[in-house]
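Assemble the whole structure, with the sequences as input and the hints as a guide.
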Amino acid sequence: MTMAAAGSRRSPRRAKIDLFPYALMAPGLILVLFATLYPVIFVAQYSLSATKVYEIVRFVGTANYTFLLTDERFLENLWNTAVFVIVGVALCWTFGLALALALRRQSWGTAVLRAVVLVPWVTNQVVLALMWKLLLGGEFSPLNDLLRWAGLPPINPFISLEQALPTLTVINAWRATGFAMLMLLAGLAAIPKEVDEAAEVDGATKLQQIRYVIIPMLRPISMVCIVTLMISFFNVAVLPLVLTGGGPLNATELLSIRLYREGFENFDIALAATLTVFLIVIELALAALYFRLVKAGAQP
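For what it's worth, the numbering used here labels the leading residue of the sequence shown as 1, then goes sequentially.
Derived by calculation from the structure, the hints in this document are not laboratory data. A couple of the hints might just be wrong.
[To be verified] Straight line, CA to CA, 20 Å or less: simulated EDC-like cross-link-like pairs of lysine to aspartate or glutamate: (1) K52 <-> E283; (2) K206 <-> D196; (3) K52 <-> E265; (4) K206 <-> E194; (5) K52 <-> D268; (6) K133 <-> D145; (7) K295 <-> E283; (8) K133 <-> E162.
Source: prediction; values computed, not measured.
Structure representation (C-alpha cells):
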C-alpha cells in the first residue's frame, strides 16, 4: 500500500469552529432571551402565588387557575373574546377578499384605493376609537342626526348590552381589513391568468370562478392570514378600552381588558399573571399552527 493510498483513508481533520460570529451575536441574543424568558418566568411565578400588589405573600399552587376556571366572569370573558376573534376574523377575511378581487387589476386608481384601505390598519387605535365614538356614540353624532331626520329615536351602540360587542367586533374587523386585503392580493398575484381564462372557456361564471378556482388556490395564504389575524385580535386592548371600557356590565370585557383591569386597576398581580398565562398558551398554539401552515405552504 502506498503512502498516498494510506493517507487517503485517514479521516479528514475536524474543521475548527469559528466562534467570532457567535461572539458578535451574543449581546443581541442575551438581550432577546432576557426580554422573552424573564417575563415568562416572572408571570409563571406570580400566577402560582398570592400577592400584595407586587409583593409575593405565599405560594398557592394552582389556586389562581382554579378560581378563574370556576369564575363566571372569566367564562364570559372567554365567550366575548371568542366572538370578537372568530366573527371578527371571518368578517375581516371576507371584506379583504372582496376588496382584493375588486382591486386586483393594476392601475393608478386601484393603487390609490389600496393605500386608502390600508390607512385604518396603520392608524393609531386611540384615534380610530375616538373617531368611531364621535360618529356613533354621541347624542349629536352624525348617525343620530340622520335618525332624527328620518323620525327615528337616537341610539348609542356602545352602551347597549345587545349592540356593544357586535359593534366593537365590526369596527375592529374594519380596522384590519386592509391587512387581509394586502395578503390576499399577494395570493391573487401568484395565480396565473391562464387559470382564469381556462375557467371562462369552460363556461364558469364569476361567482363560480371565485368559489371553485380562486378560493381553493388562495387556501395557503388565507390560512396564514387567518391565524395571523387571530393572534393580533387576541392582543387588541386599546380599541375596546377607549370605545367601551369593557362595558356595559362587562358585555365587551375581553381577556385582554380583564387582564388590564386586574393588573392596573385592581393591582391583583397574581390574577393578572394567571390571565397572561392563559393568553400565552392560546397564542403559542396559534403560533405553532402558523409555522406549520407556513412550512406546509413552502413545500412544493
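Verification of the hints:
no. : hint          : result
1   : K52 <-> E283  : violated (28 Å)
2   : K206 <-> D196 : holds (9 Å)
3   : K52 <-> E265  : holds (14 Å)
4   : K206 <-> E194 : holds (15 Å)
5   : K52 <-> D268  : holds (7 Å)
6   : K133 <-> D145 : holds (14 Å)
7   : K295 <-> E283 : holds (18 Å)
8   : K133 <-> E162 : holds (17 Å)
The structure is inconsistent with hint 1 alone, although it conforms to all the rest.
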